[in-house]
Amino acid sequence: MSLANVFNIAGSGMSAQTTRLNTTASNIANAETVSSSMDQTYRARHPVFATVFQQSQNGGGSLFQEQGEAGQGVQVNGIIEDASNLEARYEPNHPSADKNGYVYYPNVNVVEEMADMISASRSFQTNAEIMNTAKTMMQKVLTLGQ
Amino acid sequence: MSINFDKALGIHEKALSFRAQRAEVLANNITNADTPNYKARDLEFSTVLAAQSDKVQNGSFSLNKTNSRHIEADGVGNTDGSLLYRTPSAPSLDQNTVDAQVESANYAENAVGFQASFTLLNSKFKGLVAAIRGE
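These protein sequence lines map, in sequence, to chains A and B. Those letters in the first sequence? Residues 1 to 146, by this note's numbering. Those letters in the second sequence? Residues 1 to 135, by this note's numbering.
Incorrect hints may appear among the rest.
[As the list claims (entries may be wrong)] Mimicking DSSO-like on lysine-lysine, the simulated pairs with C-alpha atoms at most 27 Å apart in a straight line are:
#: 1; chain 1: B; residue 1: Lys14; chain 2: A; residue 2: Lys135
#: 2; chain 1: B; residue 1: Lys7; chain 2: B; residue 2: Lys39
#: 3; chain 1: A; residue 1: Lys135; chain 2: B; residue 2: Lys124
It should be emphasised that the hints constitute simulated quantities derived from the structure, not laboratory data.
The task is simple: from the sequences and hints, build the whole structure.
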C-alpha cells in the first residue's frame, strides 16, 4: 500500500537530516580545535545524500518498473571530510604551536554551518509534517463505510 | 439484478488509489529536497484518467497466461508514461530540481483531493447500505 510507504520515505528523510545535524554539531563544536600539525587537525565533515530506489526481487508485478519508478526515500551514502585548506596562524605563545610558531585551525566555516543547521531543521520539520498528513489520510480511510 | 461493486463505486476507488500513489511520489520529492542530482517527479492526473477510461471502454490491457509458470506483468498498464519529470523553474547548483514550496503545495492539494475522493466513495457506500436496508 502506497500510503504506508510515505511513512518510510519521510522517516528516511528525518533520519538523514538527523545525521546532517549531527555533523553540523560536530563541526561547530570543533571549530576552534587547534593542533600543531596539519594531519591531526579536525576537518569539516559533510554527509552525502542519495536517493533510495526500490530493489524489488519479487518476480511478479515489477518487471517494467525501472522507468516508471519513483524513489523510496533518501539515504546517507557516507560522510566526507572537507579537503579545503586549513588555516595556519602564527601564534608562537600558543601551547600547541609547532617549532616555527604556527598552530592549525580547522577549515570549518561557522556561518555556513549555521545556515546548514537551519536548513536541516526545516527539512526535518517538513518531513514530520508529511508524516502527519499521511497519518490523517490513513485514519480517514479507516472510517470508510461508517 | 445484483449489486455490482465495480459499477456502484465507479472511478472513485481508482481516484483514491491514485491520490495515495501521488502522495508517495510527492513525499519522496520533499524528502530528497537536499539530495544532489535528484530530479523531481510527479504523476499527471489527466494521463492516469485517460488510461483508466480507456481501460473501462476497451477492457484492461493484460498479459495472457497460458502456463502456470508465466510471470504476471501488471506493471505495464498501470504506471507506463504517467510518472513524469517536473520542469524546474530555476536552475540550481547541485542539479536538484525540487522546489520545496511547490512540492508542499502539491502535497497539501493532493491530501485535499484525497479527502474529496474519500467523501465521494464513502457516500457511494452509504447509498449501497441504504439500498440494502430498503429504508
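Report task. Quick one: which hint numbers does this structure break? Sort them smallest to largest. Result -> Hint 2 contradicted; others consistent.
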